[in-house]
Structure formats: structure tokens, C-alpha cells
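S.K.: Please arrange chains B and C with the ligand on chain A, whose structure you already have, making use of the hints.
Chain residues, written in single-letter form:
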Amino acid sequence: MIENLTLFLILGPALLALVVYGAPRRLYGPLVVLSSALLFSAALLAWLLHAQSVAIALPAWTHAAIVLLDFALIGYFLWVGVRQNHRLIVLLALLQGALLGWVLYALSAAPLAEIVVDKLGATLWLLVTGVGGLIAWYAVGYMRHESDSPRRQQAFVAILIAFLGVMNALFVADSIELFFLLFELTTLSSFILIGWRRDAASRLSSLQALWMNQLGGVLLLLGMGVIIWQGAPLFFSALLESQSGWALGAAAFLIAGALIKGAQMPFDRWLLGAMVAPTPVSAILHSSTMVKIAPFMVLKLGVLLHGTPLAVAVAYFGGFVFVAGAFVALARNHLKEILAYSTISLLGLMVMLSAVATPLALSAALTLILFHGVAKAMLFMEAGVLEKLHHAKSVDEMGGMLSRAPMSVFLVLLGFASITLPPFGALVGKWVAIEASAQSAFLFLFVALGSVVIALLYFKVAGYMLGKPGSQMGLTIERIPRVFSVTTLLLGVTLALSAILIAPTLVYLIVPAIEPFAPGSEIAHKGLTLMLPSGDLPFWQIVGAWLLLLLLPLAGLKRMRRVDRVREYSGGERIEMQPVTFYFPTPRWIVRAMAIIGAIFFGLIVLLGGVLWVA
Amino acid sequence: MGGVVGWLLILLAPLIGGVLYGMERKLKARMQRRAGPPLMQPFYDFFKLIDKRPMVVHSLHGYLGILHFLGMWLALAVLLSGGDLLMVIFMHLLANSFLIVAAFSVRSVYSQLGGMRQLLAILAYEPIFLLAGVGFYFLSGSFEAKAVFELSSAPLWAMWGIVIAIIIVMPAKLKKSPFDMAEAHQEIIGGAEIEYSGLFYEALYTARWLEYLFAYAFIVLFGGANWLLGLALAAVVFLLVTLVDNATTRLNWQQTVAITLGLSLPLGAINLLLIGIQ
Amino acid sequence: MRLERFRKKSPWILHYNAGSCNGCDIEILACLAPRYDVERLGILNRGNPKQADILLVTGPVTHRSRDRLVELYTQMAEPKVVVAVGSCTCSGGIFRHMYHVGDGVDQFIPVDSYVAGCAARPEQIIEGVARALEILEHKSHEIERPFQLRGPLYCSGEQTIRRQMAAKVSDETN
Ligand code: SF4
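Here the protein sequences come in this chain order: A, B and C.
Numbering (the numbering used here) for the first sequence: 1 to 615.
Numbering (the numbering used here) for the second sequence: 1001 to 1278.
Numbering (the numbering used here) for the third sequence: 2001 to 2174.
Honestly, the hints are just simulated from the structure, not real lab data.
Here a beta-carbon is modelled for each residue, glycine too, at the ideal position from N, C-alpha and C.
You can take every hint at face value.
In silico DSSO-like cross-links for lysine-lysine, where the CA-CA straight-line distance does not exceed 30 Å:
#, chain 1, residue 1, chain 2, residue 2
1, A, Lys526, B, Lys1146
2, A, Lys388, A, Lys558
3, B, Lys1028, C, Lys2008
Per label pair, the in silico range of CB-to-CB distance:
#, chain 1, residue 1, chain 2, residue 2, range
4, C, Gly2023, B, Ile1016, 43 to 49 Å
5, A, Ser242, B, Gln1254, 50 to 56 Å
6, A, Arg152, C, Glu2158, 54 to 60 Å
7, C, Ile2094, A, Glu397, 52 to 58 Å
8, C, Leu2029, B, Leu1274, 48 to 54 Å
9, C, Gly2023, B, Gln1254, 37 to 43 Å
10, A, Pro553, B, Ile1016, 28 to 34 Å
11, B, Leu1231, A, Trp540, 25 to 31 Å
12, C, Glu2158, A, Tyr508, 48 to 54 Å
13, B, Gln1254, A, Ala23, 57 to 63 Å
14, C, Glu2004, B, Arg1033, 32 to 38 Å
Same shape as in the complex, but just chain A:
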């Protein structure tokens, strides 16, 4: 059963994408909804039925297909580089080709299954198909506001759906060879989707994203090369079992490659550029799923790393990015850029936790991956709504948005609150994170500082949206196309419900996924009370905080009676004041210093890879 579901989750999206692309205009919307529902139910079923790891061996001919596809992709990149006259892309494509050729030449067949479905993979499927499906649906509505032809709109949604299959496969691939192909496929989808709008900015951003991700591919190939050099089988499971130094070296290269995919500094630029793409792209690729490859890779190899200098380097790198990303975001003005940098920042936290690799830290990392995915997807979708319906992109244009678009602002606030405030999943993840990272005083400092800066960032933006003109009496209820409101509300309700049920959620969703490879996280629940080894979160606190936050929107709807309405105080003057936001312009040298520190860390990880391999 699981085998069939797995095949459906991996290959199904491609087929469904073809159907969606070919469907007549009238049917295409419902078809997208149907395929999303199908995929999510399959993932849910797989998650429910999953009892132990299931290995699926692919037939021999798939190996040839993988090789063929690999070279086709590299060839395509080469062609792009030549046509756009981009030397770096050409160079990297050639390098990739050469490395791949060498790896394949030395590769010996191993009697291992290419796909291993573990509980972690099954849990991540829930995120990919759940959030991804909703975003595909949302994209149907979003693309209507673009100037594209109907056919091209359908193509866009189809690519998004097909991409879900790639992500599904990626999270369960055991063969590194297969993983590389999927990695390159995500690079391809990033490239195509960032360049979707075909203007100059899109073109530049897409090329930048391409070469940086190609570099990630090169690092992956280097990692593979290390494994091949030792004559070991090219599989994650085999890598995890070998204890020798070269395995760590390979892991360092693999992780470095994945970190680029996660836009960790100094490679943060490509994700920032990616924000020119239509918003659904940012929502699915560049915040909730694809960039999660970085923490996922560290999470997967975390057990191997545990207690090595490499783990220390990666953990500090992650911690540094957590703080630096949040600081850079403070100086940004466009909502999507702010969201992008806070994504980079939080990815840093997840990487850090995955590298700490105690069972508790891994649970915290997975909690963050899941809840950040849901929250960020919702935030990006709302950013899209604000952009399309209210023509507001920068935070400055969003002053007083509350009176024009109360529901969107409310959902944005919910998204922000879910990352910064109790009792939401991401905050509880952060709480677990501090309890887990407390062993190391310095790592903890990063977490403490970073989370405060993130809170500062979000409240700054939220506050500005709320800046409600005093003279306006009530809220105008906005008219939102149903696709937008249904999809975003579903995510919002998920966040709110998972918040009050956070204890069972952690115990039944997160722990089973982490337990198989890192047992002993000691997370338990009693009713709604969450229990960690170092402290409890009693139900009355969860319910109390939840009720306070719930009262907020209710309070917004209920007008006070028998209370006078007055003007704001302005020193007796009667002038209309127009407040603007605070900026915290980060001096250029700090930004540069951050990039350099990031680069040093990154270089250190790669160097460690080399040293460990040779040693």
C-alpha cells in the first residue's frame, strides 16, 4: 500500500500537471482543487498507515533514465549560459558535467533500494502536499491577475503541481544519485519560475539563482565524489552507517550544497532576487518547501555529525545566520523582502538545531520546519493578496491597511504572531529550541538575540499595517475572491488549531518522525499539557494565551457602546499627522561584514569537508 502511495505521490503530480495543463479552461480550476485534494489525501493516508521504513527498489532502467535526465539538465543549463552569455553558468555547467561523468564512471552498482520511506519523509509529505496543494489552488486565482495568456497560466499552475512530486521524492530519496537529480530539478524549477515574468529584473534574478544553485550542485557532486573515491555505495543510509572520517568529509560537502539551496549567507542574494517571481512561487518554493532542503539535509545527516567539529561549525553558522538575517530584514522595506530575509534567518535556526542533533533539538527543528512552512506560506499568500487587490508592495504603502483590508491584515498578524508568540507551534518550537540549545551557552545567545530581533521586525511591520486613521469610523469589509480567502483561511485555521492542540501535535506528529533515528526526546503530553524533560507547559497557560489572542479579533468586531470617541492627542494642534515606519538602516559595512563572516563560515565547512576527507 505504502509503495503504491509513494509512487503516486512522486509520479502522480507530474501526470496531474499534464492533465491540468491540457484541460479546457472551464475545467482547470476544479481539476487543480481535485489534484491537490488527491495528493493530500494520499499523503495523509501514507502518514497514517506508515508503521516502519519501507524500502522501494527501482527497476534497473531507471538508473539510465536518471543519468539521461541529469545530462539533459546540465545540457540545458549550459545552453542557457551560452545563450544568455553568462560565463559563470557555462563554467559551472561544464564543471558539473565533468564531475558527474567521473562519478558515474567510477560508480559501481549497489544492492540497495533507491527510495526509503521513513516517518520523517511521510511527515514532510504532509507539508508539501498540504501547503503545496493549497498554494496551487491559490495560484489559479492569483494568475488571473497576471497578464499571461490562459495557456501560460495553466502551464504555471501545472509546473507548481509537478514540483510537488519532485519535493515528495526528494524527502524520501535514499540514493544520493537520485537526490542529485531531484536537487537539479528544483534548481530548474526555481530558474524557470523566477524568470516567469520575462522582464529584465526577472531575467537577472533567475540567472543569479541559477548559478548559485548550480554551485550547490557542484558541492553535492564533490560530496558524491568523496564517497565514490572510497568505493562506498552512493546512499544516505550507507553513509550514515560508516563512521570513518571521509564520511564526514562527504557530509560536509553535501551539507554545504544544501545550505546554498537554503540561501544561507553569503548566498542570501538569490532568494532575495527570487521575490520578483509571482507570489505563489515565493510561497511554495522559496519559503515553505524547497529551501527547507538545507535543514532537512542537516537533519538527515545530523546523527552522523553529532559531536564532531563539523557539527559545531554548522551549528554556529546557523546561529549566526539566524541573527544576521533578522538584522538585515530590519532595514528592508518591501513586505516580500522582509519575509524572504526572515525565512533565511529562521532557516538558519533550523540548520543550527539540526546540527546540535540531540533528540530534543531535532524535534525542535522539525517543529519549526513544519510550522514555519505553514505560517510563511500563509504570509506570502497574503502578501500576494495585498499586492494584487490593494496594489501595496512596500510596507510604506500598507499604512492603515487595517481599514481597507481587515481580513488580510488579520491573517498577516496571525502569521506574525504564530512565529513570535505563545502558544503557536513555531514559538513552541523555538521554546524547545532554547531548552535544547541551552547546553551550549554561546549557541543559546544566538537564539536569544535572534528571536528578539525577529519579534522586533514583525511587530514593526504589523504595527504599521494597523496604523488606523482615527477619522474613519468602521472597517470596510473587503471583497476577496473566494480562492484567496478559502486557501489562506484554511492555513490560518490550521495554525490556530494546532496552537491549542500543540502538545498532542508535538507528540503525535513530530516525535514519531524523529524517534526512529534519534530516540529519547522525552516529549510527552497529558491532555493539553506539554511536558519536556526540562520544564512543562501546562494547559492553562496554552489555553490562556490562546484565548487572549482569540479575543483580539473578536474585540475588533465588537464596537464599544456608551463610550465617547475622541481624537488623538496632538499637543492641541489640529493637524493630520502621518506617521511613517522606523527604519534601522544597517550600515553598509555591517552588511558586508555579515556576508564575509557568512563566507568564512561557509568556507570553513567546505574546508572541514576537505580536511576530514583527507585525514
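M.R.: What follows is chains B and C with the ligand alone, placed relative to chain A:
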């Protein structure tokens, strides 16, 4: 704490906080060689404020003030019931977030400036309080306040650096000079609280009492099982904060953040490191 | 419990200078300073009309300060009292009949207590405030409106909208 005593304290928190606030005003006056208001002055203010004609700028703003008060009480309840110290700090952030959102929700430059400065004040003190939480964890093996009260040797001795760091950021938390930029009477006229009046200002006023109790209860933790020592420490800090409030002038936010973080964060970090080594 | 009792135990002050010579302002500050220490009576200078019970005005109300005075007055929540501090505030004093002043605060807003003297002494000011507090104790919650520069007061349902309660000079024909 925990148990019946804890819950009794939680219920009576506004009362105790009010007396604490009254004591502070009295002490401040005595330091300036004034007679100062009666000890019960905060309660007189309390009853007077009920009596005023209610006014709001808009409903949401009024409700947010009340939510701020409730949130503060919740944070205090988590602390006094012996809950997880990190959660205590996060709940405190939750309470403050209501006030900040309220500050931004009115079109008043003073209020918005106050909200922004309040955020910066949080940036200034919150990391130190998180640091203290981790320090307690190192000593007691648990993040819960309950466990801290069972420590036989007072955490004060091991956590000297963190204690000093907390004393440094204390004015920022209580909105006292020199770090009272968030409130800044006569400059931005109370900042976030400027648009509140009557009953709604009352919510903020009492929330401030709770904030006092919250901050000093946190200090009492440093006494461990020897809660008398904790109380004595709290009294010393109380005196010190009031003295500094009287003796200094306001700094701007750059100075505030630079001093609090630049001084107390390294201090706390070194202290934490030393505890970690032992 | 009679809440009115507490009105005079915690009077919070808003001080406004409507074009005075600063003489009386200095005396008011002297009241607040340690020597006279009015905080022992629970008096605080709030600097914010929304949280104040007493409006301490000085100055004869120059033309430029008219709408500010009325605006501040209407922003105070009832019950409230006004104390005019200084001769020029009561009647125009040495500025009386000049072209640019309004001859006293009571031309614009209801005054509850007059403190004479040029400048008024701190003892007198405290006395004036104490008188005003007696009046404050017996005031109702009815909205008090200015005499001049009156704007409309809207009622919708059970709530009163006092946003336009103070008119600007430019709103009238001037
Ligand atoms: S009464 Fe005399 S001293 Fe007082 S403000 Fe008027 S002119 Fe100045």
C-alpha cells in the same frame, strides 16, 4: 513557589503590585527630600480613574489595553505558579505585544513613536532575561521556577554576572531613567499609553503594577530556597533602581540599546560560560 | 463605595500656557518641585489632557493659542475643572484690551477657580486647586463644552462622538 501560596499571590497580585508602586513613589519622593504621596496613592488613582467618563479613540484600541493587562497577569501567574521561565518571558512578550499593537493602531505620532521605542526596550532587556533563564537551568537542571526555589545554595553567588546584567537592564524594563525612552513623559507623553484615558488607562496603570511585581519577583528567584535572601536582593535592587531613576537623565534609543546590550550581554555570557565550565 | 471621594485624592494636572509671560508658569513649577511638593496631595502633572482632571491655564489667551486651548479642554474626560492661574488669565490683566488677546480664559471655557496675582504665589495656586477640587467632587459626568469655538457633538446610538467638539478658528468666519 507553587501551591496555595503561589495561587494566593497570583490572585492578590494587583494589590501587592499597587502597594509596591506606592512604595516606589514614596521612596522616590523621600530621596528628593519630599514628603511624597501616601502609600495608598495608587489605589486612590485607581478609584478615581474608574469614575471618569469613558473615552476611546477606537474600540480595538481600548480592548487592547485590557488585553495587555490580562496578558500581564497571565505572565505573572506563570511565574508565580512556578512555571517554565522561558514561557514566563514569552508570555510577558505576548502581553507587551498587545500594548505595542495598540500603540501603532492610532494615528498619533507620539503613540507610534512610543510603540517603536517599546519594541527597542524589549530588544534591550529580553535577551538578558532569557539568559537568566538559561543560567537557572544550568544550576537546577530545569527551566521551571519551582526548581529554582528548591536550590539550596542561592543562585545569586554563581550568577553574579547575570544579576548585574539584570540590574543594568532593569530600568529599561520598568521604564525608568536612564532607559525610559519608551515612556518619556514630557517628550512623547507616555508613548504607547498616551491615547488611553479613564477606565482604559486604568488597565495600563494596573498592568504597570503587575510589571513591577513581575520584575521584582524575578529578582527574588536569585535567592533560591533562601527566599529571604531573594527578598533582600529585590529590596536592594528596588533601592538602586529608584536611586538611578532619580539621578540620571534619559538616553536615546541608540544609547540605550548600545549600553544595555553592549554591557550586560557580554557580562551575562561570560558568567554563563563560567557556570558551564564548573 | 462613593467613588467621588477619590476625585480629590488623586487630581492629575494638565498645564497649558495660553500666552502668559511665564511668570505664573514658574510658580506652578515651584509647586511641583520639592519645596511645595504637591505630589503629597496626590497631584501629578500628566501633560496629557486625556489623563488629566484639572486644567491649569496661565495667560490671557492670545489669538494664536485659542484653538489649542479649546482643543485641549475638549479632550479632557469629564468630570474636569479649570483653574485660571494669574491675573492675566482671569481677566486679561496687564494685557487687557490688547488687540491680540482674548481677555481671560473664561471667555472661552468655563472656569471653576480663579487665582489672582501677578504672579500668583505657590500657596495661592495650591489654594486655588484645593477650591477647584471641592467643585470637582460635586460635578457630574455630563459633557462640558467651551463657550467659543464650539463644534458639533454627534450621537450615534449610545456613543457620543466628540471628535469635532472643538472647532478651529479657520472653520469659523474670522
Ligand atoms: S499674571 Fe502676571 S506673572 Fe502671571 S502670567 Fe500673567 S502677566 Fe505673567
